[in-house]
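Protein chains in written order, with numbering that gives the first Met the number 0: chain V, 0 to 259; chain L, 0 to 259.
Read the hints as simulated data drawn from the structure, not as lab findings.
Glycine included, each C-beta is placed from N, C-alpha and C at the ideal position.
A portion of the hints provided could be inaccurate.
[Said to hold, decoys possible] Some chain L residues judged to face chain V by a derived CB distance under 8 Å, without partners named:
1) ASP21
2) LEU198
3) ARG228
4) ASP231
5) ALA234
6) LEU235
2 protein chains.
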Amino acid sequence: MSDAAAPLRPKTVTACVLLIGDEILSGRTRDSNLAYIATHLNRIGVQVREARVIPDVEETIVATLNEVRARYDYVFTTGGIGPTHDDITADAVAKAFGVAITHHPEAVKILGDHYKATGGEFNEARMRMARLPEGASMIDNPLSKAPGFQIGNVFVMAGVPMVMQVMLDSLTGRLEGGATMQSRTVTGQVGEGTIAEKLGQVQARHPDIGIGSYPYYRGKTFGTSIVLRGTDSSALDRAAAEVMALMREFGAEPAMGDPA
Amino acid sequence: MSDAAAPLRPKTVTACVLLIGDEILSGRTRDSNLAYIATHLNRIGVQVREARVIPDVEETIVATLNEVRARYDYVFTTGGIGPTHDDITADAVAKAFGVAITHHPEAVKILGDHYKATGGEFNEARMRMARLPEGASMIDNPLSKAPGFQIGNVFVMAGVPMVMQVMLDSLTGRLEGGATMQSRTVTGQVGEGTIAEKLGQVQARHPDIGIGSYPYYRGKTFGTSIVLRGTDSSALDRAAAEVMALMREFGAEPAMGDPA
């Protein structure tokens, strides 16, 4: 049998997101980067399998990064690449990879031009933002210029959401995705405990689809959203139809989509 | 020298938060539980040092829980304790502790009374929510009745934010806090790169205080919030005064608090 006869089954590409920053762990800042990154990656066939929030502590960043970069296809970090003393991510990443960190000539030029144009002083602290681990390549930052960087399978981005978002856009074409996860959502005014047993049977009939049950409350009404996720759209449609039939069986009038 | 002469230094009590659920990793749900839990715990002297978002996969929950419960004083989990097939947290926690999981008589009674009062069917799926690992104690849920539980240093709570919040309130008096972290925020219209070098010197003079720098953008204005965190309020006030003086040196008119 030739290779060409093997079934075409797109591979699964996985990622871990590391949110680096004391401000998220203290509760001061509510993170919005994870949901944005996960949604963005999902569209290009990269599945986020784990996320961690860790403090601005070098040994923690080094150990965590070395653990997760071995386990997942890609690692995306946010936070800690600014000009101040608490911005230690670039140094920690260099340490994790066992390489030196040096001023990157192109980054120095971009930042120098930026501060010349805006009248800001290109001082030593701002020069720190042009330091990249040896062997890293820049991730463009059209917004505030200070670049992120890629080294190996690790992508280091800013923590400020709008800067992180333009960096993620800059990665277009640099990430290789696999199977794209699609989803269907079925919502109905029925308690999840009411349909639970039969929903488990739907799950058992569709082992390649992940079925999640999410109760919701809207004032005096309540109900359940069932989210089906998988890579085969017609299989998803069949399973979603079974969930709709199941909800009707218990007196609900289900609809596709999230609760209104 | 007697023990009484030793300096009174409150101990540090640490915690890890595990957010369990595919819906957070897919980007469908933006988590709000971490910031709430971190803020709540901070007030009673428990410092969240790490958080992880992990999928509804038993072996992942077991391995992660056993890793972090050994490393931190407390572990708080959210998600996966409902009636449906994807609610596997209680079973995974029992497995992590190497104990059986059984119907807890008091939980069965609470849920039975609840469904009798509301007219819902107390079926087998809903009975699952009364299953607790052996040796666990209930965490009350005045809102929707199905309890969370504590086993060892692990607190297992619901994922629905308002249910999680009443469970956290139910824990009042059961958690032993240590030193309470306090904070001061100083905000001024100055670039963080401008003050970075001297801010590093303020940090060096106050090694017991954590100083974080957070740039912000508001339309055409921008600036920096400096957050100082520590357990000694007068030391915090002194360091905050130095940060205000530093911002004035660079022409800003700083104020205490977040950007307006």
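Hints, verified against the model:
1. ASP21: Given a least distance of 6 Å, the restraint on L:ASP21 holds.
2. LEU198: Cβ of L:LEU198 sits 6 Å from chain V, so the hint holds.
3. ARG228: holds (7 Å)
4. ASP231: violated (17 Å)
5. ALA234: Status violated, d = 18 Å.
6. LEU235: Hint on L:LEU235: violated, closest Cβ of chain V at ~14 Å, above 8 Å.
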